[in-house]
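**Q** Following the hints, complete the assembly by docking chain G onto the known chain Z.
Residues per chain, in single letters:
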Amino acid sequence: MLPELLNILLLTLRVSGTALLISILIGIGLGVFVALRDFPARKLVIGVINTGMGLPPVVVGLLVLLFLWRGGPLGFLELIYTPTAMIIAQVILGTPIIAGLTLATIQSVPQKYKWQAQALGAQGWQMAWLLIRETRLSLLAAIMAGFGGIISEVGAVMMVGGNIKGQTRVMTTAIVLESQRGEIELAVLLGLFLLALSFSVNLGLTIIQQRTKRA
Amino acid sequence: MLISTKTGNLRLNVAVSMIVFFCFFFSVSVAGYKTIILATTTSTVDSGLLDVLIPIFEKQSGYIVKTIGVGSGMAMEMGRRGQADVLLVHSPRDEEKLVKDGFGINRRAVMHNDFILIGPADDPAGAKTAKSVGEAFKKIGESGSLFISRGDKSGTHSKELSIWPYSKTILSNLWYLESGQGMGATLLIADQKQAYTLADRATYLSFKKRIRLVIVREGDKLLLNPYHVIEVNPEKNKGVNTTGAKAFADFLVASATQKLIADFKGFFPDAVK
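Just so you know, the sequences run in chain order Z and G.
Residues in the first sequence are numbered consecutively from 51, following this note's numbering.
Residues in the second sequence are numbered consecutively from 1253, following this note's numbering.
Next comes chain Z alone, as it looks inside the complex (with noise of 0.2 angstroms):
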């Protein structure tokens, strides 16, 4: 039992941790270059971050299993059932999160302040690494969003991953297992260790946070 459950939460840890490092290189560049820059359709591309935001993960779980599955317009890349198409789906889940919330961050960022970064000769990446520094303290705050949103997530990652015993099977699959087993000891001690490992990640992310404060 005790070297399947490491394993689940290894698992659990190598899965959450890629799809969390992905969205926050890809959500928070998006969200600072939606922020910055005036283009086209902008505010549409602001909607759709902001519907992300609340994606429901069985309909993201849905449409990434009929991409990937045999026949499907990715299928032959055979990532069904495999923890990538399960960074894939969390991915997709926690982008928006992180992009929206870096969004209104660099939004609120006072017009003077980007007026006086111009004025020293910040452009472009810049300006963009300037904000990013100032507003540090909300953005983790984004990221530690994202990282709730993607570690608690079931449904999605049941679909493409498949609960598979020692290949897919993470925390939350593992939970939903027991349970209908009936083994709701395990199933209440396996909440536990989530709740534990989603505490120690925002636990560190906080130190950060308000370690990057005081300095």
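No wet-lab data here; the hints were simulated from the structure.
Keep in mind that this is a model prediction, so the values were computed, not measured.
No residue lacks a Cβ here, since even glycine has one placed at the ideal position from N, Cα and C.
Treat the hints loosely; a few may be bogus.
Unchecked claim - The following label-pair restraints were derived from C-beta to C-beta distances:
(1) G:Arg1462 / Z:Glu184: 52 to 60 angstroms
(2) G:Pro1417 / Z:Ala154: 54 to 62 angstroms
(3) Z:Leu60 / G:Leu1423: 29 to 37 angstroms
To be verified - Just a few of them, taken from the derived set where beta-carbon distance is under 8 angstroms, the chain G residues facing chain Z:
(4) Asp1303
(5) Lys1318
(6) Thr1319
(7) Ile1320
(8) Lys1488
(9) Gly1491
**A** Okay, now just chain G, sitting in the frame of chain Z:
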């Protein structure tokens, strides 16, 4: 000057993130080699039987089995669409149709377990005194006692639906409710509502200590729950691992495997000669 050091910082940060990201990505994207997709029912996965059998098969054959536990309806659909290589299911009528339509081949009996009618200990419908399970269903309908159906196109749901015609009862949503959930969740709902429900014995046994409901009817021939293995027809869909499917199906009906099934609580082997 100030700005330029910050750009250096940015490059370093991007580089570090990229490295971390690629390490993570490659650590999880190890390509699948010689895999078989087995579509089966949640009850089979829940019972734990496959946790015993599949590691043995993987060791013997070198294949990796991806077991997907879904409702029988979905398992059958995966077979039709070629999304699975082999099926282990328990909906005889749908199975026969699948084979007749040419999507499944080489259907073989593997094992069976049985269903039981569960209900409140005081048995308000008097189902215990019925002469058959059909009559027991009839009494539930006549007395208007609550009955919880799985309603999820699972093998258990399909079995339940095949019994109602024997009772000549018209279902009414006044007493006939659909949970739309798995067996465990449905048992808990039935217990809370003190209702009747049809359950597979293995799931009932694992929930027995948590619920007050008791067995009110068992042992009818109608209540037997046979599992068959069906190989997905490679002529209907591309990409089906037909050699792997045959290897797994042969393994299930082999006498050594049948012996293991006999030793597993709640299942009886059906392929022994």
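**Q** Each hint: holds or not?
**A** Hints, one by one, checked against the model:
| no. | hint | result |
| --- | --- | --- |
| 1 | G:Arg1462 / Z:Glu184: 52 to 60 angstroms | holds (55 angstroms) |
| 2 | G:Pro1417 / Z:Ala154: 54 to 62 angstroms | holds (59 angstroms) |
| 3 | Z:Leu60 / G:Leu1423: 29 to 37 angstroms | violated (48 angstroms) |
| 4 | Asp1303 | holds (6 angstroms) |
| 5 | Lys1318 | holds (5 angstroms) |
| 6 | Thr1319 | holds (6 angstroms) |
| 7 | Ile1320 | holds (4 angstroms) |
| 8 | Lys1488 | violated (11 angstroms) |
| 9 | Gly1491 | holds (5 angstroms) |
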